[in-house]
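Chemist: Sequence:
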Amino acid sequence: MKRSISPEPFSSAKTAKHVHHSGDDGAEDPVTFLFRPFSSRPPDPNRELYLSDAWKQLKPAINIIFQDAYTSGVFYYNIVYRAVTRACLAGSGKQLIDLIKKECEPHISAAIQSLERHNDEDDPSVFLPLVEKCWLDFKKKMMLVSDLSMYDTCGGPQFLEIGKRIFQAKLSLATQTQDKLIAGILGLVTDQRLGKTSTNVSLLKNLMEMFQGGSDVFVKPFLDSTSEFYAAKAEQVLQQSDISHYLEFVETSLREEEERKYCYCFSLICWRELIGVVARELLEVKRPLLEKVAPLAFTVFMDEGRMDDLKKMHRVLSKAGLVGGFMDRILSSYIREKGAKEGSSLLKELHTSIDKIWHKCFHGDYGLLKSIRDSFKDLGLGLHVPV
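As numbered in numbering that gives the first Met the number 0, residues 0 to 386 make up the sequence shown, in order.
Some hints could be false.
Stated by the list, open to error - In silico DSSO-like pairs for lysine-lysine, Cα to Cα no more than 27 Å straight-line: (1) K376 x K340; (2) K232 x K132; (3) K291 x K219; (4) K132 x K93; (5) K310 x K337; (6) K139 x K169; (7) K219 x K195; (8) K291 x K347; (9) K219 x K138; (10) K310 x K347; (11) K291 x K310; (12) K232 x K318; (13) K355 x K376; (14) K232 x K169; (15) K291 x K311; (16) K219 x K132; (17) K232 x K219; (18) K285 x K232; (19) K58 x K169.
To be clear, the hints were calculated from the coordinates, so they are not data collected in a lab. A quick note: this is a predicted structure, and the numbers were derived from the prediction, not measured.
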């Protein structure tokens, strides 16, 4: 959030103007209005002088913040704030931000090194909270530095974001720590997908934030882990239940992954890829099996009037791209077989039943509507299902 800049330190040296209303305008006494000219830039800016003064104030403040040595009176925010803002408005923002980055890097490196000392910790429930504590402490300090640097008022990003990139770069050099962290995060994600109530969602969200906006170092392991999880889960569900339960599992999984993106912000970066991976493992890979078992399941659902299962099948097969063509065929086949068995005397009754099912389960799918009309026409009933 950008701060408003007080005009006082940058007020023009021009004399304030006094404007008087004369008595001719109806006022009994003259009314005086005082106008104080304001300039958005310092008068006759000396860039080097402003930059030197800003860095003289800011450098010790940064070290005090990172060393947790701040006490009341050690430095005054308003003094640092004004000095930095003068430098930025004088056009020295880029040089100042380079100095800040250089000053922060050793402190960030030290934070990463403190994590490396715990590389031998095998218990994720111990290691991950240590990383979270380090990350949250880093964020707090960088927010203070960002507030002081005021770089966001000079057309650049907040230094908090720049600091995150430095943190990510330093972490990538500590490969063992980074790999251990990624493995721990993926373990938490798997636990959450399995519905384990013990999963610390706040911990997971904070840890995933560490990789947000940075390199793709986390994206591939995250998507690969997702693919492996749902491939195994799909096989398990298909072996242990029927097609109705599998369709429910597919819908629930896709919905939960969509909802979960708000839980851990990182997945927003690759959300489309994430949903694509889930859909591929649950639908595309299983397409041959779905094509094999769906016709029989469809017949059972139709005969038993299982509207919810029919709606579910239509939604899931739509996601798998199996409605146009495949579902048309099994619906047409069902109508023809049913019509041939029941005879012409019961065609209108069958027509009414199919009409009701279309409106309740497939309404809006005019491809299926055409298939219904053509199927009854072939049976000798020149009617169509009304919209």
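Chemist: Look at each hint and say if it fits the structure.
Modeler: Here is what the structure says about each hint:
1. A hinted pair counts as satisfied when its Cα atoms are at most 27 Å apart, and K376 with K340 qualifies at roughly 16 Å.
2. Taken as a hint, the K232 and K132 pair is broken in the structure, with Cα atoms around 33 Å apart against an allowance of 27 Å.
3. Between K291 and K219 the CA atoms are separated by roughly 33 Å; this puts the pair beyond 27 Å, and the hint is violated.
4. For the suggested pair K132 and K93, the alpha carbons sit about 31 Å apart, so the restraint of at most 27 Å is broken.
5. Of the supplied pair hints, the one linking K310 and K337 holds, its CA atoms being roughly 21 Å apart against a limit of 27 Å.
6. Distance hint between K139 and K169 is fulfilled; the C-alpha atoms sit about 18 Å from each other, no more than 27 Å.
7. Straight-line distance between C-alpha atoms of K219 and K195 comes to about 24 Å, which keeps the hinted pair within the 27 Å bound.
8. Taking the CA atoms of K291 and K347, the gap is near 30 Å; set against the 27 Å cutoff, the hint is violated.
9. Straight-line distance between C-alpha atoms of K219 and K138 comes to about 25 Å, which keeps the hinted pair within the 27 Å bound.
10. Simply put, K310 and K347 have alpha-carbon atoms about 23 Å apart, close enough for the 27 Å limit, and the pair holds.
11. Straight-line distance between C-alpha atoms of K291 and K310 comes to about 19 Å, which keeps the hinted pair within the 27 Å bound.
12. The suggested pairing of K232 with K318 holds, with an alpha-carbon distance near 19 Å, which does not exceed 27 Å.
13. With a C-alpha separation of about 18 Å, the suggested pair K355 and K376 falls inside the 27 Å cut-off, and the hint holds.
14. A C-alpha spacing of about 36 Å is found between K232 and K169, which places the hinted pair above 27 Å, so the restraint is violated.
15. About 17 Å separates the Cα atoms of K291 and K311, which keeps this hinted pair within 27 Å; it holds.
16. Pair hint K219 plus K132 holds up; C-alpha atoms about 25 Å apart against a cutoff of 27 Å.
17. Proposed proximity of K232 and K219 is supported: the alpha carbons are some 20 Å apart, at most 27 Å.
18. Taken as a hint, the K285 and K232 pair is honoured in the structure, with Cα atoms around 12 Å apart against an allowance of 27 Å.
19. Restraint check: the Cα-Cα separation between K58 and K169 comes to about 21 Å, which is no more than 27 Å; the hinted pair holds.
Violated hints, in rising order: 2, 3, 4, 8, 14; the structure is consistent with all others.
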